[in-house]
Every structure is written in structure tokens, then in C-alpha cells.
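Each protein sequence line maps, in turn, to chains X, R, S and G.
Heads up, the first sequence is in our numbering, so the first residue is 2 and it goes up one at a time.
Heads up, the second sequence is in our numbering, so the first residue is 2 and it goes up one at a time.
Heads up, the third sequence is in our numbering, so the first residue is 2 and it goes up one at a time.
Heads up, the fourth sequence is in our numbering, so the first residue is 2 and it goes up one at a time.
Source of the hints: derived by calculation from the structure; they are not laboratory data.
Just so we're clear, the structure is a prediction, and the values are computed from it rather than from any experiment.
Some hints could be false.
In silico lysine-lysine, BS3-like type, Cα no more than 30 Å apart, as pairs [said to hold, decoys possible]:
hint, chain 1, residue 1, chain 2, residue 2
1, S, K107, R, K107
2, R, K92, S, K107
3, G, K92, X, K92
4, R, K107, S, K92
5, X, K107, G, K107
6, X, K92, R, K107
7, S, K107, X, K107
8, R, K92, X, K107
9, S, K92, G, K107
10, S, K107, G, K92
11, R, K107, G, K107
12, G, K107, X, K92
Number of protein chains: 4
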Amino acid sequence: MALVMNHEALNEFLERAFPQIAGQVRVETLDDMQLTARLMVSEQHLRPGGTISGPAMFALADVTIYLAILARIGEVALAVTTNATIDFMRKPEAGCDLLAECRILKLGRILAVGDVLIRSEGAEEPVARCSMTYSIPPKR
Amino acid sequence: MALVMNHEALNEFLERAFPQIAGQVRVETLDDMQLTARLMVSEQHLRPGGTISGPAMFALADVTIYLAILARIGEVALAVTTNATIDFMRKPEAGCDLLAECRILKLGRILAVGDVLIRSEGAEEPVARCSMTYSIPPKR
Amino acid sequence: MALVMNHEALNEFLERAFPQIAGQVRVETLDDMQLTARLMVSEQHLRPGGTISGPAMFALADVTIYLAILARIGEVALAVTTNATIDFMRKPEAGCDLLAECRILKLGRILAVGDVLIRSEGAEEPVARCSMTYSIPPKR
Amino acid sequence: MALVMNHEALNEFLERAFPQIAGQVRVETLDDMQLTARLMVSEQHLRPGGTISGPAMFALADVTIYLAILARIGEVALAVTTNATIDFMRKPEAGCDLLAECRILKLGRILAVGDVLIRSEGAEEPVARCSMTYSIPPKR
Numbered sequence: 002m003a004l005v006m007n008h009e010a011l012n013e014f015l016e017r018a019f020p021q022i023a024g025q026v027r028v029e030t031l032d033d034m035q036l037t038a039r040l041m042v043s044e045q046h047l048r049p050g051g052t053i054s055g056p057a058m059f060a061l062a063d064v065t066i067y068l069a070i071l072a073r074i075g076e077v078a079l080a081v082t083t084n085a086t087i088d089f090m091r092k093p094e095a096g097c098d099l100l101a102e103c104r105i106l107k108l109g110r111i112l113a114v115g116d117v118l119i120r121s122e123g124a125e126e127p128v129a130r131c132s133m134t135y136s137i138p139p140k141r
Numbered sequence: 002m003a004l005v006m007n008h009e010a011l012n013e014f015l016e017r018a019f020p021q022i023a024g025q026v027r028v029e030t031l032d033d034m035q036l037t038a039r040l041m042v043s044e045q046h047l048r049p050g051g052t053i054s055g056p057a058m059f060a061l062a063d064v065t066i067y068l069a070i071l072a073r074i075g076e077v078a079l080a081v082t083t084n085a086t087i088d089f090m091r092k093p094e095a096g097c098d099l100l101a102e103c104r105i106l107k108l109g110r111i112l113a114v115g116d117v118l119i120r121s122e123g124a125e126e127p128v129a130r131c132s133m134t135y136s137i138p139p140k141r
Numbered sequence: 002m003a004l005v006m007n008h009e010a011l012n013e014f015l016e017r018a019f020p021q022i023a024g025q026v027r028v029e030t031l032d033d034m035q036l037t038a039r040l041m042v043s044e045q046h047l048r049p050g051g052t053i054s055g056p057a058m059f060a061l062a063d064v065t066i067y068l069a070i071l072a073r074i075g076e077v078a079l080a081v082t083t084n085a086t087i088d089f090m091r092k093p094e095a096g097c098d099l100l101a102e103c104r105i106l107k108l109g110r111i112l113a114v115g116d117v118l119i120r121s122e123g124a125e126e127p128v129a130r131c132s133m134t135y136s137i138p139p140k141r
Numbered sequence: 002m003a004l005v006m007n008h009e010a011l012n013e014f015l016e017r018a019f020p021q022i023a024g025q026v027r028v029e030t031l032d033d034m035q036l037t038a039r040l041m042v043s044e045q046h047l048r049p050g051g052t053i054s055g056p057a058m059f060a061l062a063d064v065t066i067y068l069a070i071l072a073r074i075g076e077v078a079l080a081v082t083t084n085a086t087i088d089f090m091r092k093p094e095a096g097c098d099l100l101a102e103c104r105i106l107k108l109g110r111i112l113a114v115g116d117v118l119i120r121s122e123g124a125e126e127p128v129a130r131c132s133m134t135y136s137i138p139p140k141r
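Okay, chain X solo, but in the shape it has when bound (with noise of 0.2 Å):
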């Protein structure tokens, strides 16, 4: 499908409508089959013991699927999470920031569905899987 919005302007919307995640997650690269999303992990993503927490990795593939959509139907939708299903299949590493690599599997009228890996930057083992369902509001 037809990209509507390039990297640049999602950037740009997540520093307008989201400015208090826009300083934490930023997007890499689009094109017609990806969205790379970066977490610039600090300290309020950790737990105890240095690993980055589960609800910061959850966020993180929320965020990445939702402009993923986005870049395909353009800012002025307001899609909503319905489902979501996350896999923590590995330790992050300490200290690297998290690269999220979506994929959108489906973009209907009114449901679209992307899933994500996730990977500590410069590691080839993904540390969590998600997938997620997002509810497109009907066009007025």
C-alpha cells in the first residue's frame, strides 16, 4: 500500500501530538514493507538491575505499529489499540537502545494489523515479538 507520510513527517506529527514519547522514540527508515522505530533508552525505562522494563518494550511496539499505520493512512485518523500480543523471548542488552522493525500484515476498512521485532541495536536475536490489531475510526 502506498506510503502517504514519509519518516520525516511522522518525526514531525510524534513531536506535535506526542511531544512526551517524540524525545524517546524516533523513526529510522520506511518504505513500503518496514517502519524502523529507535527507543533511546534512559534511565526511566529500567528496572531494577539495569533491563529495560516490559511495559517500555510494549510501548515501544505500540508506537512503531501506530505509525506504520499512519504512514499509510495519513495523520488525520485516530486509530485506537484493540489487541495486542507481546513475546519477551530475550534479555535486552544493557545499554544499547532497542530497534523496532514493523511489518503492516493487513490494512482493512475498519482493522489493520502489524506485528514487530524488537532487537537490542547491533544484535541479530530479537528480544520480543508483538503483534497488534488497531481500530480504524470510519472516515467522516
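Chains R, S and G: place on chain X using the hints.
Here is chains R, S and G on its own, set in the frame of chain X:
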């Protein structure tokens, strides 16, 4: 399964081990069948427009199931979430705390499964439903 | 939400619309809160070793939630499963039917969510837990 | 991770251990990255109206991930599904076989995670997406 910690011991554990969460979440009630936890909703849990964010609800479900497991195996164990599925079903009431009710459905030697219904305080219809699997490390 | 079909009407519907399933699954009880369905376990549901197969339990959960939705919206609707999550938690008892208890957690205009606990007849501990989302087509 | 069984050995295993499934599912290709399996669609997989049933797609995903794990650990192991999530995204093409492509995302000492995309043969868009966790019993 018999409880080895009561709700006060769980709240003390939370303050000691997860001080950043202890100010947000509190165990309200606990018996053999169910643990109820409260998310004291504040600015940090909100999205633009005043709705509670998905990651905040995910984090509430996660800590609630974690505490319900610890209530049965004690705080020595280092359980980690391996899988989580969450359905976001309704918009939470503005300006209300969230209450999460957890059941432990399985507590095996290596895996535990629990589920949670989250409601706005005073409301009957659930805003979210979540189930999670925890991996329980072997005893040393 | 008020019921528009009782358990006999659901069983008649099953025989008429899904004759191949009607011989395997039967609605036992139905009220505002819960629908209970029975899987009459036979050779076709078993794996080598005599255990009930995962797909057989998935199919039971699927038809149980479907019938609980129809009980509320009537058999005119053509609801389809869009998402399903199942946790297999224990081995079913050999030679026992399975009982599936379903709650409808949300019945919206376009999406419905239900969950199910499956037990071996006479056993207390659940063998599986499942939640599903159904898409409900618009009324003509 | 290195393969210890090739696709012919997997098909032979299927015929020997699961004769009732061997007539329905066949491994087509296998390499380090991916296993592809075919569901030879027949009457037994169809719902009224000719669409392939959800449980038939669930069963295909289940056996595909199971075989991809065995390809890496050998047929001695008795792996069991503990969690499965499936998204049904499109209606399969009538009269077409289904092809399931599986990646193993984690193969740990006690848990393995894989995901699957299912397509109608010759089609590009996936009809379903599934991820599963398997529990791997300790070696004796």
C-alpha cells in the same frame, strides 16, 4: 494454593523493590481466589485528550499478575513475563482510578498463568482484559 | 445484555447450520453471565497417547464464544473470528468430556470479545484459557 | 541454529507419528531461516460456504511450528504448545491449498517461540498470522 504473603507484605515489597511503581500501584485486597490492585491514575498515565494510555494499563496488568504469583511463591523468586495478551475494550472513565482483578489459573514448576480484568473504579464493564505467562526460575 | 436465544435454540441452530459440529458440541447451560458448552470427546479429538489435541480445544473455544455472541444478537449475524489467544495449561483427563465456560466481556457495534475456561468434566483446575475477538458485520 | 532433520525426515516422521495429519500437511521446503508447509485443503477443512475453518488454520500453524522446532532439536523431544495467538486477516481463496511459512524466533532450553504467515497458494497477502510458544521437556 496457599498464600505465603498478605496484601500488606506485597505492598511493602513493592516499596522496597520497585519504589518507582509503589507510588502508582497498591494492592487493595487479596484472598485465595483473587488479588485486586489499584492504579492511582495521574498525569503520567494519560494520553492527550485525558484517556489512560495502553502501556499504563499493560504495566498495571503486569504488576498485578506478578504480585499475585509472589503471594503464592514468596518474594525470593525472580519471575519474568514471557507472554502477554491484552484486549482494550472500552475507554476508561476520565478522572477515575483503575482497579485490576487477577486470578492465577496455573502455578506450575516453571510456568505460571494469570488473567486480569481492569475496570474504572465504580464501573461495571471492564475496560481491558489481559492474560500473561510468567517463567519461574528453578530454586537454587 | 439481554438474551435473544436460549440454549435449545442455539443447539437447534448448530444442528441446522453446522451439522458436522452439532454431533460434537452441545450447549449445556446459558444465562446472562455465562454459557457452558460440552465437547463430547471421541477418537477424532485425540492425539497419539490419548490426549485431546490443541486444535480440538481451539475449535471448542471458538464455537462456544460464537454461540454466546449469537445468544445476544441472534442467528442472523455472520460473525467471524479475527483474533484468538489460547493458553494450554494442563493435560485433560483421559476419557472425560470437556466443559467450556464462556463470558462475553464486550459486545460492541463492530467487535465482540469473550473468554473461555475449559475444564475436564468433574475437575476443578482449568486445562485451557482462551480469549477471542469477533468482528460483527453491519446490519443490512 | 543448525538443522538436524531435513524436510524428508520431517515428512517421514509425520507419517509415522501422526498418520491422520500426514495426509493433510506436507513440508515443502526447509532451510536455516524458514520452513514452508502445505495444507492440502479438502472437504474436512471447510465451513458451510466453502471457506477454510479457523481450527483448520490453527492446526496448520501448530504442526508447522512443531516441525520447525523438531528440525532443530530432533524427533526425540516431546514439545507441547503452551500459548498460541492467531490473527485471521483475510478470507482464503476457494479451492486453493494453504502455505504456511514459519520462522523460529527463539529456541531456549525450556521454551521455543515461532511465528507463521499463512497464504493461499499463489496469493501475496497473508490470510492469517500466528505465533506460538512451545515448552520443551528436559532431556533425560
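Quiz prompt | 30 Å limit on alpha-carbon distance, applied to hinted pair K92(S) and K107(G) | solution = holds (24 Å)
Exercise. Take the C-alpha atoms of K107(R) and K107(G), compute the straight-line distance between them, and say whether it is at most 30 Å.
Key: holds (23 Å)
Quiz prompt | Distance restraint between K92(X) and K107(R), which requires alpha-carbon spacing of 30 Å or less | solution = holds (24 Å)
Quiz item: When you check the alpha-carbon spacing of K107(X) and K107(G), does it fall within 30 Å?
Solution: holds (25 Å)
Quiz item: Taken at face value, is the distance from the CA of K107(R) to the CA of K107(S) at most 30 Å?
Solution: holds (25 Å)
Quiz item: Are the Cα positions of K107(S) and K92(G) separated by 30 Å at most?
Solution: holds (24 Å)
Quiz item: Quick one, are K107(R) and K92(S) close enough, alpha carbons at most 30 Å?
Solution: Given pair K107(R), K92(S) holds - Cα atoms ~12 Å apart, limit 30 Å.
Quiz prompt | Holds or violated: K107(S) to K107(X), with C-alpha atoms at most 30 Å apart | solution = holds (23 Å)
Quiz item: Within a Cα-Cα threshold of 30 Å, do K92(R) and K107(S) meet the stated pairing?
Solution: holds (12 Å)
Quiz item: Is the hinted pair K92(G) and K92(X) satisfied, with a Cα-Cα distance of at most 30 Å?
Solution: This hinted pair is violated, its Cα atoms lying about 37 Å apart.
Quiz item: Taking 30 Å as the top limit, are the C-alpha atoms of K107(G) and K92(X) close enough?
Solution: At roughly 12 Å apart (the allowed maximum being 30 Å), K92(X) and K107(G) satisfy the hint.
Self-check item: Restraint status (C-alpha distance of K92(R) to K107(X) at most 30 Å)
Solution: Distance of about 24 Å is within 30 Å: holds.
Violation of the numbered hints given earlier is confined to hint 3; every other hint is satisfied by the structure.
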